[in-house]
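Visitor: One-letter residues, chain by chain:
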Amino acid sequence: MATTTLSPAAPAYRSGLYEWLTTTDHKKIGIMYLVNSMLFFVAGGILALVVRVELAQPALQFVDEAFYNQAFTMHASFMLFLFVIPILAGFGNYAVPLQIGAPDMAFPRINALSFWLLPLGGALMASGFLVSGGAAAAGWTEYPPLSGAQFSGTGTDLWIMGLTLIGTSSILGAINFLVTIFKMRAPGMTLFRMPILVWTVLVTSVLVLMATPVLTSALIMLFIDRNYGGHFFDPANGGNAVLYQNVFWFYSHPAVYIMILPAMGIISEILPVFSRKPLFGYKAFIFATVAIGALGFSVWAHHMFTTGAVFLPFFSLMTFLIAVPTGVKMFNWIATMWRGQLTFQTPLLYAFGFLTMFLIGGINGAFSAAVPVDFAIHDTYWVVAHIHYVLFGGSVFAIFGGIYYWFPKMTGRMLNEALGKLQFVIMFIGFNLTFFPMHQLGLAGMPRRIADYAGNAGWSELNLAATAGGFIIALSMLPFFWNVLISLRNGKVAGDDPWEGNTLEWATTSPPPAYNFDHLPEIRSERPVFDARHGRTAAH
Amino acid sequence: MTADATALTTHTDHATAEAVEAHGSGGIGTPVLGMLLFITSEVMFFAGLFAAYFSIRAGYTEVVNGTLQHVWPPTAYAELLNPFAFPFHQGALNVILPATIMLVLSSITCQMGVWAIQRDDHRGFVRAFAVTVVLGVTFLLLQAYDYSVLIGEGLTMGSTTFGTTYFTLTGFHGAHVFGGVLMLSVVLYRGMAGQFSAKHNDMVEATSLYWHFVDVVWILLFSILYLL
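Going line by line, the protein sequences match chains A and B. For the first sequence, our numbering gives the first residue as 1, with consecutive numbering after it. For the second sequence, our numbering gives the first residue as 1, with consecutive numbering after it.
What the hints contain is simulated information worked out from the structure, not anything from laboratory work. There could be a bad hint or two in this list.
Claimed, not checked - Pairs of lysine to any residue, SDA-like flavour, derived with a Cα cap of 20 Å:
{"hint": "1", "chain 1": "A", "residue 1": "Lys183", "chain 2": "B", "residue 2": "Met203"}
{"hint": "2", "chain 1": "A", "residue 1": "Lys183", "chain 2": "B", "residue 2": "His200"}
{"hint": "3", "chain 1": "A", "residue 1": "Lys421", "chain 2": "A", "residue 2": "Lys492"}
{"hint": "4", "chain 1": "A", "residue 1": "Lys183", "chain 2": "B", "residue 2": "Val32"}
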């Protein structure tokens, strides 16, 4: 037939699996980021339950100290490096090209490489459980001398190699995001019309680009000390153990913002849509994001107040300063909801969860920023409470909000609202029951990273409550995974724009075609789809 | 299936062409911007190593003439690391200064290659890049020889913090030179196949930027390890 001769050679038949394994489509890669991250979320969650079960009552019942150390080390490593950071990169991967009206990322094959380094690095890290001596066990910070060759085994080397690959994945992803945002925006999509998520990914990418290579250098020095007889962190031979902490935190404090800024971006996408109002103070929000990113590089040593080797007044002041742009954002979010027509669907509930829990995480963090208070609560459960209110109460609530928000776009089907709300309520209760008592435990002097404590220390009841809360969080995952399973098959068909969204991803089909857009609406503001829906621009 | 695939390709090309028309033309090329950002990350990687070097260097002390003093490099290796000591050092050649000159020269020849392709001078481009690759490989061979001399003299990764920082810094720089030589070779091969022109030379420019970066890192390393 004539038409057949005109078309290019038909591609060989490829199975769906082959298509996913070889894809360079940013949407498929984004979804693979999400799935891979959820697997590590489950693994990290199981390790957290191991920790909680052991701490439920005094004395050792279920694991020995060595395995306990591996459990909390790998719990944090999985959750930070293989769940929160990559899942946010996954949302960025899925949403950024759609939101700026681009057909794909700037370097699609490098994008695929960024993804595939993650399961590889994660597998390397996790393989530590299989070698003699077990996985890395010196805490996710892996301070020498505990992480040196003298005190830790092959698991630590595997941890270093795995994390180096994961870091490389982050760096390549950041380069890709930056070039995509600077070079691939649709006509009319000026910088100050970009959705907030794109802005937060932009700032996050700069942080990754500047901070993650420094972590790589710290890991490589640690590896050289461990395996090639180096003396970087060995005071007995002229090295400097605190040097590792400086180089490590030069990455790992900005990493906190790498883990929260895109989550703030997700919240800033959800709140305007479900409040039926534009984001209040769009530009102020952007400048606050940039300010957090910039200040983030000047506060790393607040993790090292008690070393006595850092300039306390400077780092304390800079740390307090970060509260200013963060407060601006809180104001933006609250003012966005003020007198809005709130529709209480699941994504908005998670946004509420984020706002309230992240607020507590900000306030309890301010205590640690005050040097005299920090000397008392350093390395206690107060700090554990703080990090979980920020990263679980903040980032993870935003992540679930993002899943409920974009699932219809990714799959073409809605997640079940009732199950979503059920999950939110159970998770919210479980989260607070787990982590709120940790404030009191910290003030009562319970140090973190211990497998056992005295029965007469007065910590038993609160630990039991935290353990019960941990199981309630685990329980809340059942309605979630059930929801995903049944909604993929039988969920309500979403249509192009189920939430009446503002940004360009809602202007294409659900799921979008491989090339993203047949037609783009005119872009005359930061809400092009809103404008088109209300006839403010001609749709074409 | 076929019809779908056809529609898909057409649309992709159309959308990409539209995007390129809107933003891709003019300004900095996409591969060049990607390379500049990659170099930024590399700068930060070396910044971490340099920070460790300076921190360790500032804290180094040893007993000189009976008193504990800050010296650098350690007195045992000071003579070994004088780049200008040209009489043979105990029978071995001192090659670090010639190696440095070669790497700086290679940066110049590399840039001459970029200028050549920008005026469509294929012959000049291929010639300049071929010379660059040869100079890069020579640098690596000289560095390997220098390592053998130093190790023969007893300076190893484990000999004080100086040895640790020296071999880490120069070793990672050497690895980057190796990576640069690979990139230059690919560009040279593609250039010999006629894939670049005055209009299409983003890869050439990106590779040359990387090579200049590697050169600048060496100049810094040479300064802090041998001169200052």
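Visitor: Taking the hints in turn, state whether each one holds.
Guide: Against the structure, the hints come out as follows:
{"no.": "1", "hint": "A/Lys183 / B/Met203", "verdict": "17 Å, holds"}
{"no.": "2", "hint": "A/Lys183 / B/His200", "verdict": "18 Å, holds"}
{"no.": "3", "hint": "A/Lys421 / A/Lys492", "verdict": "16 Å, holds"}
{"no.": "4", "hint": "A/Lys183 / B/Val32", "verdict": "11 Å, holds"}
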